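So you can see what is in the structure, the chains are spelled out below.
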Amino acid sequence: MVSDARLAADIGGTFTDVALEALVAEDHRQRWTAKVLTTPHAPELGVLEGVRAVLAKAGLAAADVALMIHGTTLATNALIERKGARTALLTTEGFRDVLALGNESRYDQYDLNIELPRPLVPRKWRLPVPERLDNTGKVLRPLDEAALRALVPLLKDEGIEALAVGFLHAFVNPVHERRAAAILAEALPGVPVSLSSEVSPEMREWERFSTTVANAYVQPLMASYLGRLEAGLRAMGMAAPLFLMLSGGGLTTVATAARFPIRLVESGPAGGAIFSAHVARQRGWEKVLSFDMGGTTAKVCLIDGFSPQASRSFEVARVGRFRKGSGLPLRIPVIEMVEIGAGGGSLAHLDGMGRIQVGPESAGADPGPACYGRGGTQPAVTDANLLLGRYDPESFAGGSLRLDVAAAEGAMARAVGAGLGLEAGMAALGVVEVVDENMANAARVHAIESAKSYEGRAIIAFGGGGPVHGCRVAEKIGVNRILVPSGAGVGSAIGFLRAPVGYEVVKSLYTRFARFDLAGVNALLAAMSEEATRTVAEGSFGAPTQETRIAYMRYVGQGHEIAVALPVRELGPEDVAAIRAAYDREYARFYDRPVPGSDVEVLSFAVTVATVVDTAEPVAEPHDAPAPAPIRVQRVRDTATGAVADWAIYDRAAMPPGCRVAGPCIVAEAETSTLVGPGWQCRVDGLGYLELEHA
Amino acid sequence: MDALDLIQRQIQWNRLIAVVEEQAQTMIRTAFSTTVREAGDLSAGIFDLQGRMLAQAVTGTPGHVNSMMESVGHFLAKFPAATMQPGDHYITNDPWLGTGHLHDLTVVTPAFHEGRMVGLFANTAHIIDIGGLGMGPEGRSVFEEGLYIPIVKCFDRGAPNETFFDFIRAGSRTPVELEGDIYSLCACNDAGARRLTEMMAEYRMEGLDELAAFIFDASLKATVAEIAKLPPGTHRAEIRSDGYEAPVTLKAAMTIGADAITVDFAGTSGLSTRGINVPAAYSRAYSCFGIKCVVAPEIPNNWASLAPFRMEIPEGCILNAPRPYPVSVRHVVGQLLPDLMMGCLAGAVPDRVNAEGASALWNPPLRGGSQVSGQAAETEDFEVITFNSGGTGARPGKDGLDGIAFPSGVRTMPVEATENVAPVIFWRKELRPDSGGAGRTRGGFGQVMEIGAKGDAEFAVNAIFDRVANPPAGRFGGGQGAAGWVGLDDAAGTVLRTKGFQVIPKGRHLLLKLPGGGGMGDPAARDPALVAQDVADGLLTREAAKRDYGWEG
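Protein chains in written order, with our numbering: chain A, 1 to 695; chain B, 1 to 553.
You may find that some hints are simply not true.
[Said to hold, decoys possible] In the BS3-like style, the derived pairs of lysine-lysine whose C-alpha atoms are separated by at most 27 Å in a straight line are: (1) A:K324 - B:K398; (2) B:K506 - A:K138; (3) A:K35 - A:K57; (4) A:K324 - A:K452; (5) A:K83 - B:K398; (6) B:K546 - A:K124; (7) A:K507 - A:K324; (8) A:K124 - B:K398.
Rather than coming from a laboratory, the hints here were simulated on the basis of the structure. Owing to the predicted nature of the structure, the values given are computational and were not obtained by experimental measurement.
With the sequences and hints as input, model every part of the structure.
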């Protein structure tokens, strides 16, 4: 019996991952996965190939698929490589250079040769239009329609393919933007128009215009890609609806995705976070840190109550070594996470003070780390792990790649060892300690910025490097429990299958608690709820939905808001005090001292409507089972103490639920190795996941 | 030291830098003043028991680089380490013991581990109001410039000093924000101390002495090695600032030695009667920053890495103002010092310095309502400031940056946000064509800003602008950046003074034209395609392109 077959495809930089799940018996759901090379020139080809491969493995036909979910880095790549549409920005006269000025600061204080991100729209296509609203939305200067029409010949001559309209204070009153859109649609049929009041209706002109322009910039490309993909799937015989993964962790229809493609930029990492959230739910763990370490970057994400943390700001296409402030700002719903340049391919060197530095430069897939033997001469993190004895050179990546120890040793000695007087093994220890410290620091900063702590938290480690580095990162941030799920190599695609169909609407409405605008807030929330519900209904097929409402609040005068949940109903006068009290609690929980005598203000509201899909059946505790014998021992150097000892190596496939092994040891599998450090215990849980615990 | 110790010391150094960054982040997230939370005008650092700085957060304010570093010693002189208790927090805004004006509060907090004091955390932030005349040049002594806080305890073993807070609340136009910012300064030092204790427990450290010695040794060696790469010799430079009552000349003679760089400021103008005077610590900070950007940008700031840069500033010159001279807007002169340092370094390493830029921020403090117009006021009372920048100087291999802060690293606020906190309308804020100095690489473009009150009501500006009579110079054949301009939007082009309190009449707007950066190298050598692009972008008029570059397109 086959029913309910759900298919997910995630296009990454190197690989396109496809996962398929279907009920194969009354109570048994099975999963098949496929990994194919990404085809950058026509990404749909890779997806179609992967879909064919996974269907063949499952013995299903395309017509058997009930639902397909897709995430892609296509929009991100277009922004990074500047390969989007010829885009023009129509903007308030006097504010032509909002995108160029940004926040007028440099992300690196000491680098005189700093390069700032170039606006997506050059100045000659940033076109001022006479009009002006004040901060309440009152018209100070009417829209000069004749002046707008006079720009049309220029737009035609320049071959403009996408239009963005960004007027000051349009998020309060979109009247001028809408009128401009109507005029442009009439004069330039077929050219898509993105309005700042629709794409990102929030205060702060730089961030709003930047988001709007980015949306316009990727729109033609994404629309055409989605069209080709749908046609390809139909040609294959698939009738199932296609959904797109959003950066915020929900799913949406092709139609909505084509209107707001900028909301898709971070879909892959979002899938990874949802994967972690699902794993946390399976285990009933309320507080986890998702730790996904791949080839070039590591991503950490705090997950409380099985929901990844939401955020509204994000930076794409950073030009300065992953430095904050060196990218294009986007104000869209995203899953809050920190991404740093720390992966298996990250390269190590010594700085002027003889300090070991790792990343963000990466060896990439080609030439790759020195031990790949493909011409890499600089030591990467993978080389360091090899020299510490953590990998078996014969069986790396399922034995598909024989690692060259001598090449790794030579590179490590040259770039790190010689300058510090260390032999290659200790130099490798230094490199791994530095990269682990970098990731731990990123995790600490993420917690500070999220007003959360690591007390009582567990790590969910995946990606090629997560299970290798998990123990030491955990020790550094004071976490004593780690879970390594199965399927970690295609985590994002599996995450797509767990994502709800959902949509988030964010709107600014300023109000102070001292004179709370109850009627205004209720009217706004009702309208937002209606918009979100309508959008979700296009793809939920009547499935039950859940609504959440959030207010972003702060003390009057402060700059950073705290999210406070609101009841999902019309608010009454009695709610105002309760919401205020909830804010004080949230604030004091983290910043120790509530501030006496301050009023609180609300800046904006978010309403999310989503289907309820992710449920996890309770899993029975497995009975104790005997551990298999180690498949071999390896000489491994411990990075905390520098001690070299024989560590047992176990084959994960041979470890039944309920069995336990004690660290130090390594649990090997084709896609990764789980390092169980000294003082750690590893147990296989009822789901087949590895649970590591520190005594 | 064995191999593992060496690696662990490196890790601990990294951790200290992360700890102070975390300290600064906590400040930004909890601060009330827009100057801190939006603009990033703050600083944070950790110190050993001798008051030597081990690490400092890289924030928006080079002016705090040495000045905060020196301040901890002043705290220890008044309150010796042996008398400090857990939960104590000490505070001052003394311009000569802190960071150069009353608007900067510095809080110092002892850090304890296993019952023993192991170090100190310090944090400086620019708060929005401290009473007195308000931010501006008009004071004739520091006593007019605001409330003066000597080094006192603001928290005693965790309990707030209520007498202190009473004075604070009574003396400021924004008492809630001021009190909130002080709480925030203390909270962020606490956050730093917590992380320090965690690290010391993890590595079983009893004190910071060994780590300090390691950091200082590596930093000093690296800094000296960078200095040794420079050709030795003495180089001179001079810059003119518009000043307040008279132009100001800044003069420097920089001697590059084998292991130190010494700058002598002899010949610099004397003191002003108004608040553009600079306390010595602030002069050292911006001078050091200017040198470090060129000579050793990668080396983290600490006591040892800053030690090889020595400043000799004669008493009684405008860069070494004694108490009680007014110092409120010392940045307007102090921020020219990196240009002066690069002028000297141009003689030694011409391929590593920039041309001069707008450099001093153009921050118009705006005030309206009854404090300007009395009973005739047509708007509610307001007091607001925004941070804005002209163009930076051309670089050896790249153009200058357009409308970007340098040397200051502060951020500007969105116009939409400013218009939400005060009844003002920004009618224009965009790049200023033809303002970048011509050159093989050109200077960054300045901006044009036009500001009115809502309903075109009367309001006032307390001007603190420079580079109007003395535009940024080019280097090696590059042209000057455009001079700044301050005036009204009327047909006559009424000019306003560059410094001081002035009323913008009803119906009129304040018009500011921010300077562009100087150019570098012969304009004739500039790639014609780049000239054509500036013309197409409307940043260079055809006339200017023809005049400056011989462009015939």
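Structure-based check of all given hints:
1. With a C-alpha separation of about 22 Å, the suggested pairing of K324 of chain A with K398 of chain B holds against the 27 Å cut-off.
2. The suggested pairing of K506 of chain B with K138 of chain A holds, with an alpha-carbon distance near 21 Å, which does not exceed 27 Å.
3. Straight-line distance between C-alpha atoms of K35 of chain A and K57 of chain A comes to about 12 Å, which keeps the hinted pair within the 27 Å bound.
4. With a CA separation close to 20 Å, the supplied pair K324 of chain A and K452 of chain A stays within the 27 Å bound.
5. Restraint check for K83 of chain A and K398 of chain B: the C-alpha separation of about 24 Å stays at or below 27 Å, so the hint holds.
6. Of the supplied pair hints, the one linking K546 of chain B and K124 of chain A holds, its CA atoms being roughly 20 Å apart against a limit of 27 Å.
7. Distance check on the hinted pair: K507 of chain A and K324 of chain A sit about 25 Å apart at the alpha-carbon level, within 27 Å; holds.
8. A hinted pair counts as satisfied when its Cα atoms are at most 27 Å apart, and K124 of chain A with K398 of chain B qualifies at roughly 21 Å.
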